Amino acid sequence: MSVLVYLESWEGKFKKNTWEAATYAAKTASMLGTEAIGLCIGKLDEDASEAGNYGLSKVLKLEGDAFNQFDANVYGAAIAEVAAAQSANTVIVSATFNGKALAPALSIQADAALLSNVVALPENASPFSVKRGVFSGKGFNILTSDAAKRIVLFVPNSIAPEATGGSASVEGTSAGQGSISPVAVKEVDRVKGKIPLPEAERVISGGRGLKGPENWGMIEELAEVLDAGTACSKPVSDMDWRPHSEHVGQTGIAIKPNLYVAVGISGAIQHLAGVSASKTIVVINKDPEAPFFKAADYGVVGDAFEVVPKLTEEIKKFKAAN
Amino acid sequence: MKVLVCISHVPDTTSKINFTADNSAFDKNGVQYVINPYDEFGLTRAVWLKEKQGASITVLNVGNKETEPTLRKALAIGADTAIRVEAEPTDAYFVAQQIAAVAKEGGYDMIIAGRESIDYNGGQVPGMVAALLGWPFVNACAGMEANGDTYDFVREIDGGKEKLSASAPFVVAGQKGLVEEKDLRIPNMRGIMQARTKPLEVKAPVEAANKTQTGAFSKPAPKSAVKMVDAENMAELVRMLHEEAKVI
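Here the protein sequences come in this chain order: V and F. Just so we're aligned: the first sequence equals residues 4 to 325 in the working numbering. Just so we're aligned: the second sequence equals residues 953 to 1200 in the working numbering.
Next up, chain V with everything else stripped away, as it sits in the complex (with noise of 0.2 angstroms):
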């Protein structure tokens, strides 16, 4: 029995949260009284040996042309079979837009639950139970299961990342050589170097508020000097003054910061539901009534274009004296 966690990388590089997921792995293995494997998929360019850092034992490579490009009945075939070699009865998938595609066909390929949108640590060992959020982060409920195998689908920010200080080997693996995807990638578009939204610690939001897209220069400024991810309220997207990729709430992307800036935004019940989830919340609105301040940690009622400006510039003397 052992606990197999998929390392998750982009263009050869560990995502910003692997080490998380290494993380949330080795403390369900030590839960379980096991050991946490990781398994990276595709081409790689970093050492997976630091995954041992994370209190991994072990780390297993599974490369092939099957895996050049991601899909998500290919990606879990590849992983079942491995889990199914490791005798790994628990797999720990990070919900990245791409793990949670391969959770559900990895579930089915390898007869397992799926627990998923798991927002902490499991509770418990047996039943196997977990907390998960529901109603758009209105409420939480403990999901169990008694199934011999089972997949953790857990939320980004979910749990810190932890140092352990130790070293896990890394070996190639044949299990799983998967099969060609009968979907083709015809074009990806990434913004290179910006931090995506549901792993970002921190995220910067603009709503309508700030009157139109040629004032979105202060937000990105404020989110730059944070090292933050940019979002916005649906109005804005819905009015294309920002891609739909950074509509934050019900019915665009759910995050989990550490600290959520809404700039402008009044706090619409469809908009908490997709933010509400962040460790701090500062609202900055010029109207005092807005609800978003019921939501808020801390509030500054004042014009955005003058606050956000002073905001920046305070940021930037503290870093620089810190």
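Since the hints were derived computationally from the structure, they do not count as laboratory data. Take these hints with a grain of salt, some might be off.
As the list claims (entries may be wrong) - Derived EDC-like pairs: lysine to aspartate or glutamate, alpha-carbon spacing no greater than 16 angstroms straight-line:
| no. | chain 1 | residue 1 | chain 2 | residue 2 |
| --- | --- | --- | --- | --- |
| 1 | V | K289 | F | E1184 |
| 2 | V | K320 | F | E1188 |
| 3 | V | K16 | V | D50 |
| 4 | F | K1163 | V | D149 |
| 5 | V | K322 | F | E1188 |
| 6 | F | K1115 | V | E190 |
| 7 | V | K189 | F | E1097 |
| 8 | V | K282 | F | E1196 |
| 9 | V | K289 | F | D1182 |
| 10 | F | K1198 | V | D230 |
| 11 | V | K189 | F | D1104 |
| 12 | F | K954 | F | D1032 |
| 13 | V | K313 | F | D1182 |
| 14 | F | K1134 | V | D241 |
| 15 | F | K1163 | V | D114 |
| 16 | V | K313 | F | E1184 |
| 17 | V | K319 | F | E1188 |
| 18 | F | K1198 | V | E204 |
Values in this document were obtained by computation on a predicted structure and should not be read as measured data.
Since the structure of chain V is provided, determine the placement of chain F on it from the hints.
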């Protein structure tokens, strides 16, 4: 072309969420139910296919009789027929097995579902259906166009998007972008009248055991009162974010 659109029956997006006194279930009292917003994008996209290419649309829900008004609404928007699998949808694996069974029997060319339902947010069913049928799967689908015998898709990925193509049959888990919110169809009087006479078939579920069980529900801990910071004193906000919240 036969299109199967999966419809979840979910609380309206503005619903106040409460649980029963023993926290064992969602309290449905006073809650208005709607078509799951992500499924609505898929349904409207299917109606466009019907109008442009002559597709027939079947909408499918796994649920009890109380979901029939939601299916009738989908018929009023433009679906041709509806199927309700008579079962309580307690587990994604169980629901996926029901949808796959209907799909196998009906000879559909594609299945369109929402990327997740806004009640349990599992996002599991469409991918499971694709795996059960062995069909290609496009998740977080924000664009879909016919291109001869194949279809071109836009899929959201972390920090960007991907353009894909595949041939039918396939499963799409859709979201905004399949159509825009302003283009969502609202049932008109003619549609509502027609929907009353369109066929709604009730099927018995196929045998499939749940793989998960639902335990206690809870609500997020109440937030402490907001701390207001003077707009002239952003140095104080920075200090609070550093010293109290420890986020910078």
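Verification of the hints:
Using a Cα cut-off of 16 angstroms, the hinted pair V:K289 and F:E1184 holds, with the two alpha carbons roughly 13 angstroms apart. Pair hint V:K320 plus F:E1188 holds up; C-alpha atoms about 12 angstroms apart against a cutoff of 16 angstroms. Restraint check for V:K16 and V:D50: the C-alpha separation of about 9 angstroms stays at or below 16 angstroms, so the hint holds. Straight-line distance between C-alpha atoms of F:K1163 and V:D149 comes to about 7 angstroms, which keeps the hinted pair within the 16 angstroms bound.
Proximity of V:K322 to F:E1188 is assessed by CA-CA distance (about 14 angstroms); at most 16 angstroms being required, the pair is judged to hold. Only pairs whose Cα atoms come within 16 angstroms are accepted, and F:K1115 paired with V:E190 is accepted, the gap being roughly 5 angstroms. Taking the CA atoms of V:K189 and F:E1097, the gap is about 14 angstroms. The hint holds against a cut of 16 angstroms. Our distance criterion of 16 angstroms between C-alpha atoms is met by V:K282 and F:E1196, whose separation comes to about 12 angstroms.
Taking the CA atoms of V:K289 and F:D1182, the gap is about 12 angstroms. The hint holds against a cut of 16 angstroms. Simply put, F:K1198 and V:D230 have alpha-carbon atoms about 15 angstroms apart, close enough for the 16 angstroms limit, and the pair holds. The suggested pairing of V:K189 with F:D1104 holds, with an alpha-carbon distance near 9 angstroms, which does not exceed 16 angstroms. Of the pairs offered as hints, the one joining F:K954 and F:D1032 holds, with about 10 angstroms between alpha carbons and a cut-off of 16 angstroms not exceeded.
With a C-alpha separation of about 12 angstroms, the suggested pairing of V:K313 with F:D1182 holds against the 16 angstroms cut-off. Our distance criterion of 16 angstroms between C-alpha atoms is met by F:K1134 and V:D241, whose separation comes to about 8 angstroms. Of the pairs offered as hints, the one joining F:K1163 and V:D114 holds, with about 9 angstroms between alpha carbons and a cut-off of 16 angstroms not exceeded. Proximity of V:K313 to F:E1184 is assessed by CA-CA distance (about 8 angstroms); at most 16 angstroms being required, the pair is judged to hold.
As the CA atoms of V:K319 and F:E1188 are separated by approximately 14 angstroms, the hinted pair is consistent with the 16 angstroms bound. Using a Cα cut-off of 16 angstroms, the hinted pair F:K1198 and V:E204 holds, with the two alpha carbons roughly 12 angstroms apart.
In the structure shown, no violation is registered for any of the earlier numbered hints.
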